[in-house]
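Chains as they are written, first to last, in the working numbering: chain H, 1 to 198; chain B, 1001 to 1477.
These are computed hints drawn from the structure, not numbers from a lab. Everything numeric in this text was worked out from a predicted model, so none of it was measured. One should not assume that every hint holds.
Stated by the list, open to error - A few chain B residues that don't get close to chain H, going by computed Cβ distances all over 12 Å: (1) Leu1012; (2) Asp1021; (3) Pro1031; (4) Asp1111; (5) Ala1280; (6) Ser1291; (7) Lys1375; (8) Asp1378; (9) Asp1381.
What the hints assert, rightly or not - Short derived list, chain B residues pointing at chain H, Cβ under 10 Å: (10) Leu1040; (11) Ser1090; (12) Gln1105; (13) Pro1108; (14) Gly1154; (15) Ser1156; (16) Val1258; (17) Arg1326; (18) Ala1327; (19) Glu1442.
Said to hold, decoys possible - Here chain H is said to cover these stretches of chain B; the calculated rule only asks that three of the stretch's residues, wherever they fall, bring their Cβ under 8 Å from a Cβ of chain H: (20) 1066-1075; (21) 1158-1170; (22) 1458-1472.
Backbone N, C-alpha and C define an ideal beta-carbon position, used for all residues, glycine too.
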Amino acid sequence: MEAFTVHTDKAVPLRRSDVDTDQIFPGRFGTRTSRTGYADVLFANWRAEPDFVMNKPEHQGASILIAGADFGTGSSREFAVWALQDYGFRVVISPRFGDIFQGNAPKRGLLPVTLDEEIVERLWALVEAAPDTRITVDLVRRRVSAPGFAVPFEFDDHTRGRLLAGLDDISATERYLSDIEAYESRRRPSLPTTVRHG
Amino acid sequence: MIFTAQGVPMALTLADKIWRDHVVRQAVGEPDLLYIDLHLLHEVNTPVAFDSLREAGRSVRRPDLTLATEDHATPTSTDRPSLDEVLRRSQMRLIRDNSAEFGIQMYPLGDDRHGIVHVIGPELGLAQPGMTIVCCDSHTTTHGAFGTLAFGIGTSQVEHVLVTQTLPMTPMRNMSVTITGSLAPGVTPKDVVLALINKIGTGGGVGHVMEFRGSVIDGMSMEGRMTVCNMAVEAGSRAGLVAPDETTFAYLKDRPHVPAGKDWDAELAYWRTLRSDPGAVYDTSVTLDGSALTPFVTWGTNPAQSVPLGDRVPSVDDFTDDRSRRAAARALEYMGLAPGTAMRDVPVDAVFIGSCTNGRIEDMRAAADVLRGRKAADHVDVLVVPGSAAVRAQAVEEGLEEVFNAAGVELRYAGCSMCCALNEDRLLPGQRAASTNNRNFEGRQGRGARTHVVSPAVAAATAVAGRLASPADLGAR
Chain H
1 MEAFTVHTDK AVPLRRSDVD TDQIFPGRFG TRTSRTGYAD VLFANWRAEP DFVMNKPEHQ
61 GASILIAGAD FGTGSSREFA VWALQDYGFR VVISPRFGDI FQGNAPKRGL LPVTLDEEIV
121 ERLWALVEAA PDTRITVDLV RRRVSAPGFA VPFEFDDHTR GRLLAGLDDI SATERYLSDI
181 EAYESRRRPS LPTTVRHG
Chain B
1001 MIFTAQGVPM ALTLADKIWR DHVVRQAVGE PDLLYIDLHL LHEVNTPVAF DSLREAGRSV
1061 RRPDLTLATE DHATPTSTDR PSLDEVLRRS QMRLIRDNSA EFGIQMYPLG DDRHGIVHVI
1121 GPELGLAQPG MTIVCCDSHT TTHGAFGTLA FGIGTSQVEH VLVTQTLPMT PMRNMSVTIT
1181 GSLAPGVTPK DVVLALINKI GTGGGVGHVM EFRGSVIDGM SMEGRMTVCN MAVEAGSRAG
1241 LVAPDETTFA YLKDRPHVPA GKDWDAELAY WRTLRSDPGA VYDTSVTLDG SALTPFVTWG
1301 TNPAQSVPLG DRVPSVDDFT DDRSRRAAAR ALEYMGLAPG TAMRDVPVDA VFIGSCTNGR
1361 IEDMRAAADV LRGRKAADHV DVLVVPGSAA VRAQAVEEGL EEVFNAAGVE LRYAGCSMCC
1421 ALNEDRLLPG QRAASTNNRN FEGRQGRGAR THVVSPAVAA ATAVAGRLAS PADLGAR
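Extracted from the complex, chain H is given alone in its bound form (with noise of 0.2 Å):
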């Protein structure tokens, strides 16, 4: 995995709340079985429609989403995320995620960066009005800036430090294999297995 430290590029102002993962990733796409390959998918119903902004040429090449509040609703696909950078996405602003993309996102590099309702607002007008403006989201100082402005964000330290470093986290679990089983040693015997049974 790529690790991310500093990011400094354009953005797209996508002035929508409850993007869920419907929109972002349409389930008529979700029978396909691979990882990769879904860069044309995103957003594929709104794309259809020509004025969308992320049709307009200025916005082109832009890699940081900044969208309205709950983004990411709805079903757990992970194939929103992988839409999402496919197209050339590593960072999402918005001032509140749904829960499963916010954990999803992080697994393999993009990240969800959680901003106040009134930053969103200044970031969309700023990107609105000079399209090129470039915006650093800095993960090592946890902190969005932008030409004439700074704030901080929260992250918590323990994804942030396998971001920074490019790991994932399978690998972080397995070195704590005597914990888990040791946790298998006093699981209640009596617990169900799904083997099946007549």
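Could you slot chain B onto chain H? The hints should help.
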């Protein structure tokens, strides 16, 4: 978990207790590593997890705590396709092959235990109080009805659980959701949860596990509690649960994976301890007066955009904050609805009765009770899709299939069907459905499709009336 300054555990919620009992490893500044008692798999969100596993040379740690099914993309038509046709659907081939390769029990289409993952888990008795349960599906919250901590996970986490049978989890906050009073006739668990989401919004539960309680929940069947917990995720919650009680124990008794005899007595004694302590502190508390509720129906494109069936389509001016106004404007346009239209005047093209929200036997009975002696309107396509092979078999045994057929409606085979439209059961652009599913998102039931989320009783009445209706609106049979 919460400790006093002296390191003594404070009064705990049920969710806290289940969490505490599953901690494999705890370290300052790191998420808790939790043990997972049951890992459920379906065909859509798992192929990449198995591929990554193989690439890394890893294996499945506890196939005996893992169960697979195929539900999202399976056909539900009564003229059942040949096995060859089924296996051409590559996700179905992959879940079968992957399960066989790693020794995981899998119930394929055609097996008498096949069905939607959140319907068969409880049916088989695999969701037992106090357990941790995960699945690559947001509606895993359904299993919380049994007093379990059950949540949806992404594909990377599936791989993590397959390899380690654990998950690193950041702590959840506790929310108490109390439904007081009693439900009027015709008001169902679906209406309760729709009204709750309307009250607190799609983000109202973010970061929380909801504990449902109060007289309405106490009096609810397990099927009803599953409907409520199922949609806890639509308010943004990570999980929803109900403390186990006599209703829970009666449901579990004699299920295939539940202990019997002396072992049953021992389990029962343990399960009875699984309650929130008196004085347990909740981060957030919500109360809803169940007696005041009437049937609810969504008008927009998220599950919080809803009104009582007797109300009208709102206008943008009914909302004060910018975010809600923007969302309402967009939803009204997508849904093709004029503000001020009575919800009962909204005609539909299709009705869908099924899903992990409302595909259980009680839901089939509720629909059949309305359809008995009546006909579905000519212009309405009605899909009745049981949640499992067992639900279907019981519906046939109880004579419900005959009721449906007499109403001009087919009882299909089990699957997720038009809830998520990943198989061929879907709407055409612009078509409108009354649906017992959980999400009215844009395009959820087919590209450009318009969804009104309703209860099974309202769905069945709508099938007869051809427009949104409750059973009380229908004339004599």
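Against the structure, the hints come out as follows:
1. The non-interface label for B:Leu1012 is consistent with chain H: the shortest C-beta to C-beta separation is roughly 19 Å, beyond 12 Å.
2. The claim that B:Asp1021 is not at the interface with chain H is violated, since a C-beta of that chain comes within 12 Å of its own (minimum 9 Å).
3. Annotated as non-interface, B:Pro1031 brings its C-beta within 12 Å of a C-beta of chain H; the closest such distance is 6 Å.
4. The beta carbon of B:Asp1111 sits about 10 Å from the closest Cβ of chain H, which is not more than 12 Å, so the claim that it is off the interface is violated.
5. At roughly 22 Å, the least C-beta separation between B:Ala1280 and chain H is larger than 12 Å, which holds for a residue marked as non-interface.
6. Every CB of chain H is more than 12 Å from the CB of B:Ser1291 (nearest about 30 Å), matching its label as outside the interface.
7. Distance to chain H confirms B:Lys1375 as a non-interface residue, since its nearest Cβ pair spans about 32 Å, more than 12 Å.
8. Annotated as non-interface, B:Asp1378 keeps its C-beta farther than 12 Å from every C-beta of chain H; the closest such distance is 29 Å.
9. Distance check for B:Asp1381 against chain H: the nearest CB is about 19 Å away, which clears 12 Å, and the non-interface claim stands.
10. Taken as an interface hint, B:Leu1040 checks out: its beta carbon lies about 9 Å from the nearest beta carbon of chain H, inside 10 Å.
11. The closest approach between the C-beta of B:Ser1090 and any C-beta of chain H is roughly 5 Å, which is under the 10 Å cut-off, so the hint is satisfied.
12. A distance limit of 10 Å between C-beta atoms decides the matter here; for B:Gln1105 the minimum to chain H is near 5 Å, and the interface restraint holds.
13. Checking B:Pro1108 against chain H: minimum C-beta separation of about 13 Å lies over 10 Å; hint violated.
14. Restraint check, B:Gly1154 versus chain H: the minimum CB separation of about 4 Å is within 10 Å; hint holds.
15. Given hint, B:Ser1156 at the interface with chain H, holds; its Cβ is 4 Å from that chain's nearest Cβ, closer than 10 Å.
16. Interface hint at B:Val1258: satisfied, since its Cβ lies 7 Å from the closest Cβ of chain H, which is below the 10 Å cut-off.
17. Hint on B:Arg1326 holds. Least Cβ distance to chain H is approximately 7 Å, under the 10 Å limit.
18. A distance limit of 10 Å between C-beta atoms decides the matter here; for B:Ala1327 the minimum to chain H is near 6 Å, and the interface restraint holds.
19. For B:Glu1442, the suggested interface contact is upheld, since its CB lies about 6 Å from the closest CB of chain H, less than 10 Å.
20. Closer than 8 Å: that is the beta-carbon criterion, and the region 1066-1075 of chain B has 4 residues meeting it against chain H, so the requirement of 3 holds.
21. With 8 residues carrying a beta carbon less than 8 Å from a beta carbon of chain H, the region 1158-1170 of chain B meets the three-residue requirement, and the given coverage holds.
22. With 0 residues bearing a CB less than 8 Å from a CB of chain H, the region 1458-1472 of chain B misses the requirement of three and the coverage assertion fails.
Violation of the numbered hints given earlier is confined to hints 2, 3, 4, 13 and 22; the remaining hints are satisfied by the structure.
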